[in-house]
Each structure stands twice: as structure tokens, then as C-alpha cells.
Amino acid sequence: MIFDIENETAPREDLEPLQLSRLRNLVERVNANVPFYRRKFEEIGIRPEQVKSLNDLKYLPFTEKQDLRNNYPFGLFAVPKENVVRIHASSGTTGKATVVGYTHRDVRNWASLMARAFMAAGVNRGDVVHNAYGYGLFTGGLGVHYGAEELGATIVPISGGGTRRQVMLLRDFGPTVLCSTPSYSLFLFEAAQEAGISFSELPIRVGIFGAEPWSEEMRQDIQSKLGLIALDIYGLSEIMGPGVAMECAAAQKGLHIFEDHFLPEIIDPITGEQLPPGETGELVLTTLTKEAQPLIRYRTRDITALNYVPCRCGRTHVRMNRVKGRSDDMLIIRGVNVFPSQIEALLLETEGLTPHYQLILDRQGAMDTLEVRVEVDEKLFSDEVRHLQRLEGKIQGNIKEFLGVTAKVKLVEPRSLTRSEGKAKRIIDQRPKA
Amino acid sequence: MKVEQISIFLENRAGRLTDVTRVLSQAKVNIRALSLADTSDFGILRLIVTDHERAKQVLKENGFTVGRTSVVAVEVDDRPGGLHSILELLSNNQINVEYMYAFVQQTGKDAVMIFRFDRTDQAVEILQENKIRIIPGDELYNL
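Chains as they are written, first to last, in this note's numbering: chain A, 1 to 434; chain B, 1001 to 1143.
These are computed hints drawn from the structure, not numbers from a lab. All C-beta atoms, glycine included, are put in the ideal place defined by N, C-alpha and C. Check each hint, because a few of them may be wrong.
[Unchecked claim] In the DSSO-like style, the derived pairs of lysine-lysine whose C-alpha atoms are separated by at most 27 Å in a straight line are:
1. B:1056 / A:379
2. A:425 / B:1060
3. A:81 / A:65
4. A:324 / A:394
5. A:253 / A:225
6. A:379 / B:1060
7. A:65 / A:425
8. A:410 / A:379
9. A:400 / A:410
10. B:1002 / A:379
11. A:225 / B:1060
12. B:1002 / B:1060
13. A:410 / A:425
14. A:410 / B:1056
15. A:408 / A:394
16. B:1060 / A:410
17. A:225 / B:1056
18. A:324 / A:425
19. B:1002 / B:1056
20. A:58 / A:324
21. A:225 / A:425
[To be verified] Example chain B residues on the side facing chain A (calculated, C-beta under 10 Å, incomplete):
22. 1011
23. 1037
24. 1039
25. 1041
26. 1046
27. 1067
28. 1098
Excised from the complex, chain B in its bound form (with noise of 0.2 Å):
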């Protein structure tokens, strides 16, 4: 049920986001969702793809650092309280979200939130007994 995330040690310098676009375009790699954390010094950008493992060998050729980790992508209702509701069953369950971001659908009808978090099988647990709607990787990376 989970979904791979790649993520990208970017030094805050001008021009590096571009040379990571420009690797996976020339790679036929397409971003389906992305998120960038940064502080004065650097970035980490964390990119869901169509294609994670060729997008992962092609940027560590091109002499990137590249890391993986298994994120979670949930189907959030949109309308008011839809986040809200899933953060406090995940909170009342002692789960932390190391950090989240935005995934929007063509659709339109759903939004998808990309959890981070400290302890992934129990979350990914308590939202399928409670019924909320994971998005595994194969239909998140060919939406």
C-alpha cells in the first residue's frame, strides 16, 4: 500500500533544480507530484514519478544524491474537515507525520495528501481499518 518516494540533496544554488528537471525530462521520467524542503544552505526535494527507479539511476549518474523512502498517499474528501478529520485519528493513535504534502487529481473530485510518517505500517493500519482510501503505488505512478 505504499508508495516510493525518491528524494534529492540539492545545494541552494541557482540552476540545480533545473539540472534535476532536465535529467528526467531527457529521461522520459514524468513528476506526478513534488515537494521541496529547504533550509539557507540546502534542499531536499522529494518527487513522486511515473518511473522511480530509472529516475533514481539516471540522477545518480548524473552525480546526484539521491534517497528513497515509502510514503503514504491517502484519498482526502474535499470538502471542510477532510484533512482535518484523518490528522486526528492518526494523532489520537500516536502517529507523527514527519512531514506531508499535496498531490492534485485530474479528476478534481478527491485531493491526495503524501504522508511522512514515523511509523508507517501502523498508520497505513489504522486508515484502512477506518476506512480511508490509500492510494498504492502502481495507480498513483499511471494516474
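Bound conformation, chain A alone (with noise of 0.2 Å):
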């Protein structure tokens, strides 16, 4: 099933020509309205007309999320305020929350960009979308939400938290799609166990989920324990929210980029030199179709790797793998560079674990030092201590052989570290700041 056929389905040498006149009209819109771009392009002494291929996209200058912070709240607007119909902004988890409009053009787009990605993951009209991401500035709960009606599914607008609420709803409303962060899924899952509802007997079928990194071993985990089909969505704020590409349940590998309105590249995320197709490093986004705030080459800090080779869904569109990591959340532990979701995939890996876990790092002296938290749960616990203590040690090989660092595993009680309803919080660095 897909949603818009003659754009996601368009052969490669209709597409290009499509993108490149977007991105040539983008770039006069923004010299034109945007005076941090105007500026920009005359520092690097680059004149809009001079964009004449797709290639030359590597010549403008990048977009970093320190920009729009610098111009908080509105300076990276390329329309009058009042062609703004909506305003979102990113959690500011790291920093200064960093604001996005929308015209109304904008938010149609990305309502029908949603149902593409519902349709990839075959979901359509008739079907009940509970809808657990938080609704509010957080692009999440109300990017899927249009998304949904576009399409003409049922949604519920349940959004984040309440979670005995939303086991009794799940159990009452018998949604077939579920849209969370991954980990949240899981809370679900145990907090519908402990109301004694079992979700193999949901009408669930498929889970549609996003905004955090997330392991293909995670995903298995999920599939067993949800009784559903797992399916990874991206997005963010900065660009549009969730909806920029999508994982088709045809193949369940990688998710297509919808390309006629995101170009994509990827870069070395230390040199910003462009990295052929294949290789892994930063995702670059330049989007072609936005009106309020466009952006040119946007640095997600997102490491992955674009794969080109047709997919057998039919999109044309180019899919992205899996998102390893950030490239700022990449932990660089005495020198060996580490993504968190490695040590979820060896952790998940180990039988028995749970996938929940935290990682803490800290310094002595001058030398790094790394504990990773793990949940004991039932299946794994033993009455002897020689027992669990080979279990650490079997995880701590493991670390150490994969991913060559020397870890300190801990074994905590479950429940024990803290469960979070939007994005899980994995690492604790308790290191000096250089």
C-alpha cells in the first residue's frame, strides 16, 4: 500500500530533476527572506544562481541546531509571522529549546507525509491508532495525529503518561496500531501484565516507533513480547517532526527518506566532507518544500547510512539505515568510540536481560570509567551469588570483547531505574566538563 504512488514510486530521473528545482527555489527563498542565510551565502561567496546541479549542494554551508538557537525565537522565519499558523519546539533537553513554525501549507504537507509512513507501515483507513507520543510543543504526538486523520484512521489522542489509563483504553478502545517511543512499549507491556491483560490477546498489530535510537535486537524483543510488527519512524523538530522517513513493513530494513521533500546526504561528522552512498556517518537534511522555516543542510547528529538499492515495497525513495546513534551522544570511553545502542544490543544479546538498563560513566584520575546498570529480573535470578556474579562477568566479557572497553556491570533490582514516558535517559555522565 502506498499512499502518494506517483511521487514515492517516481523513477530516480524524475525525482532528481524535482529536487534540484526545489532546492534552487529554496535557496532564492531564503537569500531573499532569511537575512542569517543572506549572510551566510555572502561569507562564502556563493550566489543562489549559481546551484545548478544536485552536486552543487555541497558547496552551501551547513545548518547546525546552535543557529537556531542563536536566532531564538524567529529569526530563521522565511515568511511573515502572521502566514505562521503553528508553532512547535524541541524539548531542549540539551540547551535552549529551538522553535519551528509552520504555514499552513506546511502542516498539510506533513499531515500527508504521516500517511505515507502510516501506509508504509500498512496501516489504513478502519484501523484504531493509539496514540502515546506527548502532544503539545513536542512534534510527536500531534505530527502522528494529523497524520492519522489524513488518512482517515481512527485516532486516539492519549498522548504521553497515564499509563494505568492507557492499559485500560488499550484494553477497551482495541486499537490495532500503537505509536510510542520504543521503550515506552515496554512500559506498557509490564503494566499491562500487572493488570493482568495480555497483549498477544490485543488486536495490536502494529507498533509504530520513534524519537529515540533504538537496537534491531530491541525491536525483536518488542515483536516477541507485544505480539505485534515493529516498524522505525523518524523525524525531528528542527526539519518537521515525525514523518521525514519511514521504514516500509515490506522489507523492515531501513527507512525511506520522502525525498521530494528532504534531501539527504551523509557526512564525515568531523571533516563535513560528503561520504559516498553506503558508508555510515552524519545525516545531513535539506528541506525542499518547507515554506515558514526551511533549512539548508540541517546536521542532524544522527549516524547512519544511506542505502540506494531498490527496495522491494516499490518506493523509489532512498532508505536510511537505522540510527546507530548521535553523533553527539557518542561516548568516547578512554578513547574507543561507543553508541548506546551497542551495549543494548549485547546486552539484549545476553539471555534473560532486560533492556533495561543505564549506562554511567565517570572519571578517576585521568581514566575513564564506565558501569553499566542492569535490571535483574526473575528469569535471571539465582539464589547463589556465584551465580549472578557469573553473569556480570559474562556481560562484562562481552563488552570488552565487542566493543573493547573495560565496563563495570551492576546488577539493580527491576523497576529500579527510572522509567520514562518520552525518551529513555540511558547515560549519566558524571564527567568533568573539559
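Hey, can you piece these two chains together into the complex? The hints should help.
Here you go:
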């Protein structure tokens, strides 16, 4: 099922000229309307009419999160304020919030992109969507909401929080689709179990999970526990919100970036150089159609790779791999690069481990230390100390072998690690800042 | 002939043991015997209680990880060499003791040892053959 067959399956020889004409139009618009971009273009000596091919993209300047902060709140708007019909903002967990505006057409485009995403997941009219993404300034809730309505599905706008009530409505409303963060889906699963409700008896068949990095092993875990097909969705408020890219149920292997609206590149996060297709690096996105707040070469900090191999679902849009982590979340532990998702994968490979874990980074003298806290559940528990110590040793050994990092593994009581109803807080970095 | 023991995973932090005793106290479950094995990070509290089903249920309701193991309670003569003769017997039969702890009887005549064996059934057999008294669960919970 494809929502917008014409655009989503356009041959690349038709897609690329469309992208180019939109890119040229974009560069002209921001040059004319956004002083920030006009200055940047002047600084590097580039004029809009010099953009003649998609290949010229690499001469354009990057936009970084800090640029959005510096222009807080409305400094990057490219349209008069009265044309902005909605304002969202990122959570601001790592600093000042970044603000994004939408025109009426932006909101409509967003809804149709989310409808594409739903259809890629096999969701259609007649489905009931339980939407546990937060509503408000965060783009997750409303993005999913308008997409489901655009599609004609039934939406349950439960938002985040109130887990016991969520479980009650899962039972009473019989949704067929669950939208939440992957970690919250497991939280719901636990809460349902406590309430004596078995997920496998609920009619939910698809989960659309995003807003935090997760691993393939976590997907397997969710699928087997919740009895549904778990699919990855990607988006970020600076670019639009959820629905920038979506994994198709047909292949379940990579997320199609809706390329008629977003132009992707992969760069080396250190040098900023473009990398060839297939190589892993930082995803950079250019908004081709955004009116209110278009961005040129926005550095997402998300680490992934692009896959141009045609997909069996029929979509021609490039696929991005599951996000491996963020270039700014990448932990450098005694000089070794480690993504939290890699540790998660190792934990889930160890039989019986719950996917609830926390990484505590600290420094002793000049040495970084990593402590991995893992919850022990009943399957894993033994009344003999040496069995538990052997388990700690096994995890420690796996981390050392596969990641080359010495970690201290600490078993903790179930439910002792904080559960978040939004993004999971996996990393506590107590190292003194340089 | 076996005795049900419950075990509880505890993080080493202040107040965790108190949380267990509070839950059991509120549930009116009496502790008959206990042993605590600990490492620097965590401990395993092993308990023999008057009502292990109830104890397990209330502890789980309060978020504890609870396990259940069959152990053997053996009456040991309260004299020099009393324990040694039992251990020797087991060792001669290649039975390994995973852990053990003592149980104090009110009568004060004999001591009771709680054993966790690697081969529980064989251990029970050997003890019985040698006329060593094993205290059954029902008797122990209500002593």
C-alpha cells in the first residue's frame, strides 16, 4: 500500500530534476527572506544562481542546532509571522529550545507525509491508532495525529503519561496500531501484565516507534513480547517532526526518506565532507518544500548510512539505516567510540536480560570509567551469588570483547532504573567537563 | 522432606532490608530462619518463613525479585563433631553443599542446619539411609 504512488515511486530520473528545481527555489527564497542565510551565502561567496546541479549542494553552508538557538525564537522564519499557523519547539533537554514554525501548507504537507508513513506500515482507514506520543510543543503527538486523520484512520489522542489509563484504553478501545517511543511500549507491556492483560490478546498488530535510538535486538524483543510488527519512524522537529522517513512493513529494512521533500546527505561528522552512498556518517537534511522555516543542510547529528538499493515495496526513495546513535551522544571512553545502542544490543543478546539499563560514565584520575547497570528479573535471578556474578562477568566479557571497553557491570533490582514516559534516559555522564 | 525457601535479590543500599521486613511484618508472615549472602553490589536474602506462598506474593507485589528453592533441614546433634559427621557422610557420597546456614530451635536441644545441595534428592536419600533426622517443611514452618 502506497499513499502517494506518483511521488513515492517516481523513477530517480524524474525525482532528481524535481529535487533540483525545489533546491534552487529554496536557495533563492532563503537568500531573499532570511538574513541569517543571506549573510552566510555572502560570507562564503555563493550566489543562488550558482546552484546548477544537485552536486552543488556540497558548496552550501551547514545549518546547526546552535544556529537555531542563536536565532531564537523566530529569526529563521522565511515568511511573514502572520503566515505561520503553528509553532513547535524541541524539548530543549540539551540547551535552549529550538523553535520551528509551519505555514498552513507546511502543516498539510506534514499530514500527508505522515499518512505516507502510516501506509508504509500497512495502516489504513479502519485502523484505530493509539497515539502515546506527547501532545504539545513536541512534534510527535500532533504529527502522528494529523497524519492518521489525513489517512482516515481513527485516532485515540491519549498522549504520554497516565500509564494505567493507557492500559485500560488499550483493552477497551481495541486499537490496531500503537505509536510511542520503543521504550514506552515495553513500559506499557509491563503495566498491562500487572493489570492482568495479555498484549497478545489485544488486536494491536503494528507498532510505530521513534523519537529515540533503538537496536534491532530491541525490535525483536518488542515484537516477541507485544506480538506486533515493530517499525521504525524517523523525524526531528527542526526538519518537520515524525514522518521525515519511515520503515516499510514490506521490507522492514531501512527507512524511506521522503525525498521529494527532504534532500539527504551523509557527511563525515568531523571533516564535514560528503561521504559516498553506503558509508556511515552523520545525516544532513535539506528541506525542499518547507515554507515557514526552511533549513539548508541541517546537521541532524544522527549517525546512519544511505541505501540506494531498490526496495521490494516499490518505493524509489532512498532508505536510511536505523539510527545508530547521535554524533553528540557517541561516548568516547578511553578513546574508544561507543554508542549506547551497541551496549543495548549486547545486553539483549544475553539471555533473560531486560532491556532496562543505564550507563554511568565517570572519571577516576585521568581514566574514564563506565558502569553498566542492568535490572535483574525473575528469570535471571538465582539464590546463589556465584551465578549472578558469572552473569556479571559474562556481560563484562562481551562488552570487552565486542566494544573493546572495560566496564563494571552492576545488577540492580527490577524497576529501580527510572522509567521515562518519553525518551529513555540511558546515559549519566558524571565526567568533569573539559 | 524438603523445605521451601524464598530468596530475594537486594541492592546494597540503606533501607532495603527494612523494606523486606516491613512487607513481611504487614503481611503477618513470621521469619523462621534467614541468611544473607552479599557482595559489594548486591545481596541475596534467603528466608524460611511460616507461609512462603504469601511471602512471595506480597514481596513480588512490592517490586522485589523473588526466587524459590528447595532446601533440606537437618537436625544436628548439639555436641562436638555433630556437624562434622554429617558433612563427612555427604562428602563421601560426592554431594556438594552449595551453601548452608543454621536454624535455632527454641527447645535448644538440637541445632538445625539448612542445606542447599547440588543434588538434593540424592542427599535426602543418603541422610535417611543413615538415620539422620530431616525436618519436614510443615513441621519447620510451625515449630
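So, going through the hints one by one against the coordinates:
1. B:1056 / A:379: holds, 15 Å
2. A:425 / B:1060: holds, 26 Å
3. A:81 / A:65: Measuring from Cα to Cα gives roughly 21 Å; hence the hint holds.
4. A:324 / A:394: Holds, at about 24 Å.
5. A:253 / A:225: OK: residue 253 of chain A and residue 225 of chain A at ~20 Å, within 27 Å.
6. A:379 / B:1060: holds, 13 Å
7. A:65 / A:425: holds, 21 Å
8. A:410 / A:379: Roughly 17 Å between the alpha carbons, so the hint for residue 410 of chain A and residue 379 of chain A holds.
9. A:400 / A:410: holds, 15 Å
10. B:1002 / A:379: holds, 23 Å
11. A:225 / B:1060: Holds: residue 225 of chain A and residue 1060 of chain B sit about 21 Å apart, inside 27 Å.
12. B:1002 / B:1060: holds, 23 Å
13. A:410 / A:425: holds, 17 Å
14. A:410 / B:1056: Holds, because 24 Å separates the two Cα atoms, which is no more than 27 Å.
15. A:408 / A:394: Cα-Cα ~11 Å, so holds.
16. B:1060 / A:410: holds, 21 Å
17. A:225 / B:1056: holds, 25 Å
18. A:324 / A:425: Roughly 16 Å between the alpha carbons, so the hint for residue 324 of chain A and residue 425 of chain A holds.
19. B:1002 / B:1056: holds, 18 Å
20. A:58 / A:324: holds, 24 Å
21. A:225 / A:425: The hint holds at about 22 Å.
22. 1011: Residue 1011 of chain B check passes; min Cβ-Cβ to chain A is 5 Å, inside 10 Å.
23. 1037: holds, 5 Å
24. 1039: Holds - the Cβ of residue 1039 of chain B comes within 10 Å of chain A, reaching about 6 Å at its closest.
25. 1041: Holds. Min distance 5 Å.
26. 1046: holds, 6 Å
27. 1067: This interface hint holds because 5 Å falls under the 10 Å limit.
28. 1098: holds, 6 Å
Hint violations for this structure: none, all hints satisfied.
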